[in-house]
Amino acid sequence: MRIEGRVWLAGDNINTDLILPIQAYYLSVEEQPAWVFSANRPGWSDEVTPGDILVAGRNFGVGSSRPAARSLKNLGLACLLAESINGLFYRNAVNFAFPSLEAPGITGLFQEGETAEIDFDAAEINNPKRGERLTGTPMPPQLLRILKAGGIYPLLQSENLIR
Amino acid sequence: MPMTWKEAPMGMTAIEKILARNSGQDVVRPGDIVTTKVETAILFDNNFMATSWREILHVHDPEKVVVVFDHRAPASHVLSAQAHQTGREFVKRFGISRFHDIGFDQGISHALVADYGYGLPGTVLLCSDSHTCSAGVFNLAARGVGSPDMAYAVTKGETWFRVGETVRYELEGELRPGVSAKDVFLHLAGTYGDHATMNVEFSGPGLAGLSMNARRTLTTMSAELSVEFATFEPDDIMLDFVAARSDRAFAAVWPDEDATYADKRVVRLDQIEPLVALPDAVLNNSKPVGDIAGQAIDQAFIGSCANGTLDDLAIAARVLEGKRVHDGVRLLVTPATQNIYREALRLGYVQAIVDAGGVVTNATCGACGGGSLGVLGPGETCITASTRNFKGRMGDADARIYMASPATVAASALQGSIASPLEYFP
Ligand code: SF4
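So the protein sequences, as listed, match chains A and B.
Just so we're aligned, residue 1 is where the first sequence starts under this note's numbering, counting upward by one.
Just so we're aligned, residue 1001 is where the second sequence starts under this note's numbering, counting upward by one.
Be careful, since some hints might not be right.
[Claimed, not checked] Calculated cross-link-like contacts (lysine-lysine; reagent style BS3-like; alpha-carbon spacing at most 27 angstroms):
no. : chain 1 : residue 1 : chain 2 : residue 2
1   : A       : Lys148    : B       : Lys1156
2   : B       : Lys1264   : B       : Lys1323
3   : A       : Lys148    : B       : Lys1037
[To be verified] So the derived label-pair ranges between C-beta atoms look like this:
no. : chain 1 : residue 1 : chain 2 : residue 2 : range
4   : B       : Asp1291   : A       : Glu112    : 52 to 60 angstroms
5   : A       : Val29     : B       : Pro1426   : 49 to 57 angstroms
6   : A       : Arg133    : B       : Ser1211   : 48 to 56 angstroms
7   : B       : Gly1294   : A       : Met1      : 33 to 41 angstroms
These are computed hints drawn from the structure, not numbers from a lab.
Glycine included, C-beta positions come from ideal geometry on N, C-alpha and C.
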């Protein structure tokens, strides 16, 4: 899987309340993405264009089990690259098919607005402008299969376990 | 001569052994992906919300499922009332016997796990609330997952985990009066920051002086350390606690003496002081209460899965007894389960809190999740003994949330501003 897109930067400890605030929790799935980062970066969700890439610091997605990964996916982001990712967020990312990679050192590789080239399966990340690259932690094959199947729900649906 | 793993001086941590046992393997190591059976799967009202719910057509084993209404209980608006309806239909359709509807045995899922002995040592427990690591106090692999994971576990009876490295905390000594497990957590969060992708294991002679409630505050708050799993080494206090509440069989797990840890850290309980986390973040954000004493507050909250225990209500009652909450301050106290509520009534804690001007609500998540019973308005300041102080967590994004122990919150409610609790514990 190859992904290429414009980079946005986020800091350390970006929590699920910033991604999917409680007010948005009651709205429809389609309305939720507009609320991403409304508390810490108002207006940002309007600037994101489909295919953009989010590059974050340590402990991305700490917080609740709410489907924050789904909001980032539905906002149009193609990929998350972070120094480290909260385990619960990571599960939701796999399960909602939002490509996410841990890549220690990633925050030093990009400035906002630069382009990232990613070989997702190999976790190879390239900044073509600087000619610098870095290899992150590849997603384990078992989880990559779920991601590529479109997440858990399509899988369970195909087995008639959910509707 | 090459050694096999059995001869190699490399045992497993408690959580590694639990994951190995439940995935049918002799050994697991950090970095492995394991598939385990799920002994206990807990669904709560948010799972049944229209924006999350996918209708489940098959339940692997109804005996392994628990259904709880806690986040908005009783229903706070039509959406949550509909979620409760959907939940009741699910319970009926699949004959779920362990169901906690609004009423006698209502409460927050993690506290009900303790009350009813749902957390069996050595097993795997899942719930789609992030503070599910709470049940790790019973020496099991408990973690919060998302709704899709719950659908998978409930329909297939299994789940996957990424095995992480473990940090071992050895607790020594005893807490001073007026200092509690919440302060220990604030010390860990303030000193060590996040533990993303890692587990924590609590042990050491200091355990003996910590009640099951105090220990559970630590495992519950470990969600804020971003852990994969939090576990306690078993002892008789814990094993007796579970045996008194469950008739199901279980086998606890001790870590191997030669287990490999990412780090071992000693925590001197007698040196912990009352701490407060400043607004918007829990990690690397703790200050001694004296540093911010005098900060005015509008609301004070004691409750949640971490701090709605009987011990917490006892501390609140002790601080508040015979006094009055400061003018202009709203003190809200929310027991974590109706069992705790009844016991607090019987022991006179509710009387003491209400006579002081506190409002005691029914058992629910309430103000903790910003969903009902104490939502904050723009610009307001709250001090909370609950689990999170993220920006916007308890209502408006411009509200400021300080986090502390129940003793510090009660003392602050009396003072009208953030205050040390130590004078109430001479
Ligand atoms: S009390 Fe708070 S942290 Fe605990 S389950 Fe409820 S909302 Fe989550």
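Comparing the hints with the structure gives:
{"no.": "1", "hint": "Lys148(A) <-> Lys1156(B)", "verdict": "holds, 20 angstroms"}
{"no.": "2", "hint": "Lys1264(B) <-> Lys1323(B)", "verdict": "violated, 44 angstroms"}
{"no.": "3", "hint": "Lys148(A) <-> Lys1037(B)", "verdict": "holds, 24 angstroms"}
{"no.": "4", "hint": "Asp1291(B) <-> Glu112(A): 52 to 60 angstroms", "verdict": "violated, 35 angstroms"}
{"no.": "5", "hint": "Val29(A) <-> Pro1426(B): 49 to 57 angstroms", "verdict": "holds, 55 angstroms"}
{"no.": "6", "hint": "Arg133(A) <-> Ser1211(B): 48 to 56 angstroms", "verdict": "holds, 53 angstroms"}
{"no.": "7", "hint": "Gly1294(B) <-> Met1(A): 33 to 41 angstroms", "verdict": "violated, 55 angstroms"}
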